[in-house]
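Q: Assemble the complex: chain A is given as a structure, and chain B must be docked to it using the hints.
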Amino acid sequence: MPYVLTVSPDFTPKHIAGWYIFNTWLQRQSDMGFHVELYNSFNKQREAIADNKIDLIYANPYDAAMLVREKGFKALAAPLAKADEAIIACNGEAKISAIEDLKPDLKIVTTDDPDVHLMGMMMLESADLDKDNTNIEEVDGYVLVAKKLLQQQADIGFFLKDAYHDLSRLIKDDLKILITSEIFVIRHILLAGPELQQHHQQLQSLLVNMHNDPKGASVLDSMGLKGWEKQTQEDTEFMIDLMDTL
Amino acid sequence: MKLHYYDGNERTVDIIDQEVPFPDGRLIVSRTDTAGVLTHFNQSFTDMSGYTEEELMGKNHYILRHPDMPAAAFKDLWDTVQKGEKWSGYVKNLRKDGLFYWVHAVVIPNVRSGEIVGYTSVRRKPSRNKINQCIPLYAEMLAEEGEQSCPTC
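Chains A and B are the protein sequences, given in the same order.
This note's numbering numbers the first residue of the first sequence as 147 and each following residue consecutively.
This note's numbering numbers the first residue of the second sequence as 2 and each following residue consecutively.
The shape of chain A in the complex, shown without the other chains:
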């Protein structure tokens, strides 16, 4: 039975193929069998995790606590120079220019991306806004968030920074960024489940050296990553603690 590799559902669509190429590269390098299983939503992925169907996961930091503390996963690596940051944007014509201009009862459009939603809500606190005095609508992806803003069906929208900048110029020209997070330390991590513990060092060594190999560097490029760096268990515990404060 091959090990199952999955990726946080918030990966950008243009990098789906990259994760399949990564899977092939990993199998050849490790001489182990891996199978890619992707999920359309965080809930579906969490069900698979709960059923112990996942062995290797590129995880959203929000899910790291559950994976590490409840399911016994251990951190292998984190992407180099790739932190998760959030953007709050509005329609370009809106008469607001800062978070403090926002008033209660406004309509927020968001996705099921948990860390982006958490960071977005956190950045609204300075305007005394929270889930109890706002209207939150969840849609299936960042293009739909933009669409809701352009059609003035929502006042503000939460975006993953990378996803916002992947929007077409035409769309971005009609949107306005109110705030961008600069947190730097929240990022996705690659975690290995209990069944892979015996291969932990081998996998970690392959990953951190991946960018030094021309073929590996090409695979990384297809995934939109620059490389991997070793993630210690304490690094992960610290990020989990930090997420717990948000």
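There's no promise every hint is true.
As the list claims (entries may be wrong) - Below, a list of computed lysine-lysine pairs in the DSS-like style, where the Cα atoms sit at most 25 angstroms apart:
(1) 241/A x 307/A
(2) 322/A x 277/A
(3) 131/B x 249/A
(4) 190/A x 160/A
(5) 228/A x 372/A
(6) 87/B x 277/A
(7) 3/B x 277/A
(8) 3/B x 76/B
(9) 253/A x 131/B
(10) 60/B x 76/B
(11) 87/B x 217/A
(12) 228/A x 322/A
(13) 307/A x 372/A
What the hints assert, rightly or not - Pair ranges (Cβ atoms, derived):
(14) 60/B x 190/A: 42 to 52 angstroms
(15) 281/A x 99/B: 38 to 48 angstroms
(16) 178/A x 79/B: 41 to 51 angstroms
(17) 241/A x 145/B: 40 to 50 angstroms
(18) 211/A x 51/B: 25 to 35 angstroms
(19) 20/B x 190/A: 39 to 49 angstroms
(20) 390/A x 131/B: 20 to 30 angstroms
(21) 118/B x 238/A: 47 to 57 angstroms
Note that these hints are calculated values from the structure, not bench results.
For each residue, glycine too, the CB sits at the ideal point set by N, CA and C.
A: For chain B alone, coordinates are given in the frame of chain A:
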């Protein structure tokens, strides 16, 4: 003004009644050991404090304590996190240059193998309304404490 700390240390600082705004989108992050000694902090922590990294590392977190903060607030913080629980509150911090900045702070214990090994504090931009509610409250608490320094935190 001379500030006194619980461990017997004291220092003289110039207090300037001028606020430095919390930077948008940032988080100020620091970690201490169980005695409150700084072990890790991020660039935002250094930037807002006005100190250099070298001046902060290994120092007690109380280096940021503003004399307008009542000791009871910090006692509540320590009592809460030492029980293994999360604490949150609004804190007026003192910079090296004597200016101040307000934060919404959340502090959690770092539990490893069932034991508290330190504390992580994350501060974000506070709401002005919340600050305005805290100012008279803290002044009242401070007056009740009857002193301008911190004997217990």
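Q: Among the hints numbered above, which are violated by the structure, and what are their numbers in rising order?
A: Number 7 only.
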